[in-house]
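Chemist: If you want the building blocks of each chain, they are given just below.
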Amino acid sequence: MNREEGTGLGDWTLDVLGPPGQVRPVVSAPAAVLSRAGGEVDPTAEQTVRLAADLVATMRVAPGCVGLAAPQIGVGARVFAVDVTGHPKARIGHGAFVLCNAVVVEASRWKAGREGCMSVADLTGDVKRAGHLVVEGALPGTGATVRLVTDAFEARALQHEIDHCAGLLFLDRVAGAHAVYQRKVYL
Amino acid sequence: MSELAITVIGRDRPGIVADVAEVLARLGANLTDSTMTRLRGHFAMTLICVGPAEAEAEAALAPLAADGQLLATVRVVVPDAEQTSNGVPYVLAVHGADRMGIVAAMTRVLAEAGGNVTDLSTRLAGALYVVLAEVELPPGVAEQVTGRLAATAAELGVEVTLRPADPDLL
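Protein chains in written order, with my numbering: chain A, 1 to 187; chain B, 1 to 170.
Rather than coming from a laboratory, the hints here were simulated on the basis of the structure.
Here a beta-carbon is modelled for each residue, glycine too, at the ideal position from N, C-alpha and C.
There's no promise every hint is true.
What the hints assert, rightly or not - Anything over 12 Å on all C-beta distances counts as not near chain A; from chain B, calculated:
hint, residue
1, A72
2, Y129
3, P164
Unchecked claim - One side only, chain A facing chain B, incomplete, derived with CB under 10 Å:
hint, residue
4, A31
5, R114
6, A157
7, L168
8, F170
9, R183
Just need the whole structure built from these sequences, with the hints factored in.
Modeler: Put into structure tokens, the structure is as follows:
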């Protein structure tokens with residue numbers, strides 16, 4: 001992990017969100033909330049901070065979960081949590097954080113990869129994602145606008161979560177008719 | 001409610017999918033898993049559907065096959081219980097000069113290692129033959145399988161790669 005290259009968070013940490021959030025049930029497709037663009041939020045609103053804390057708490061309890069967007073817990077809002085810390089495919093990493101109203105401002109080095117989603121339990125798909133990404137968004141609590149420069153796995157995770165906030169699933173971006181696969185059921 | 005395995009194959013033309021799907025929809029047949037693809041000018045549909053009786057589906061598809069351009073088959077299958085597996089997913093790619101027995105030899109290597117092919121397609125383009133397969137291998141055998149595939153590929157004079165297809169869960 002190279003924290004220097006992704007300096008965007010400043011001194012923001014999860015502590016800003018206050019006490020741990022509630023673990024909320026994860027919504028599975030098909031569900032209308034997953035296919036509707038989320039609304040913009042006020043990042044300093046108490047409700048947004050609670051939502052951010054709930055996203056982090058829910059992400060934490062799901063094994064292998066590296067990101068979770070508000071629509072996945074049934075809330076149509078542009079808020080998501082990400083934490084790729086320790087993932088073998090991660091290079092630049094910003095630790096655990098939550099972004100509100102995030103937008104992609106630069107995307108390059110597109111690369112196909114197979115991804116799955118907690119809200120689409122039985123399928124995976126090949127999706128092209130940018131391997132170099134610049135994202136702007138607001139941090140919950142402080143409301144500070146940040147610009148995150150990232151790559152590799154964190155870039156993929158951010159694009160996946162930003163898509164959720166726009167009402168898109170990886171299924172909306174799969175490479176072709178033969179690019180969706182049955183996800184294995186592990187023993 | 002019966003589960004049916006239906007195959008339809010015929011000369012490719014616009015509208016085959018719509019024609020077959022319409023017939024099945026009118027019967028109240030619910031398409032579950034299917035693949036439909038063009039193979040050298042023939043269009044091949046393999047699908048599982050739930051709902052109508054075998055005879056009903058056969059009778060409904062018969063008019064489509066009446067001109068001899070399409071062949072449709074229907075058979076009852078027993079629904080499978082949800083399969084669990086501890087296999088690890090890989091993608092096998094083989095390419096090289098076309099010759100007899102490439103698929104047979106390569107898939108035999110996989111089978112002998114306990115590998116299960118879940119998807120496979122081949123394409124012949126001029127002299128070039130291409131095989132792509134999704135395969136689940138038992139844990140820990142990939143290295144050995146890679147070696148055997150390489151040896152088999154060398155005998156056949158083709159190139160082979162086996163790479164993990166493990167998805168990133170986001």
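Chemist: Compare the structure with each hint and give your call.
Modeler: Going through the hints against the structure:
In this structure A72 (chain B) is separated from chain A by more than 12 Å, as the shortest Cβ-Cβ distance comes to about 21 Å. Under the 12 Å C-beta cut-off, the non-interface status given to Y129 (chain B) relative to chain A holds; the minimum distance is some 18 Å. For P164 (chain B), the shortest C-beta to C-beta distance to chain A comes to about 9 Å, within the 12 Å cut-off, and the non-interface label is violated. Look at A31 (chain A): its Cβ only gets to about 17 Å from chain B, farther than 10 Å, so that hint breaks.
Nearest Cβ of chain B to the Cβ of R114 (chain A): about 4 Å, under the 10 Å cut. The hint holds. The interface hint given for A157 (chain A) is met, as the beta carbon of that residue sits about 5 Å from the closest beta carbon of chain B, less than 10 Å. Annotation: interface hint on L168 (chain A) violated; nearest CB of chain B at approximately 13 Å, more than 10 Å. At its closest, the beta carbon of F170 (chain A) sits 8 Å from a beta carbon of chain B; the interface hint therefore holds under the 10 Å criterion.
Restraint check, R183 (chain A) versus chain B: the minimum CB separation of about 7 Å is within 10 Å; hint holds.
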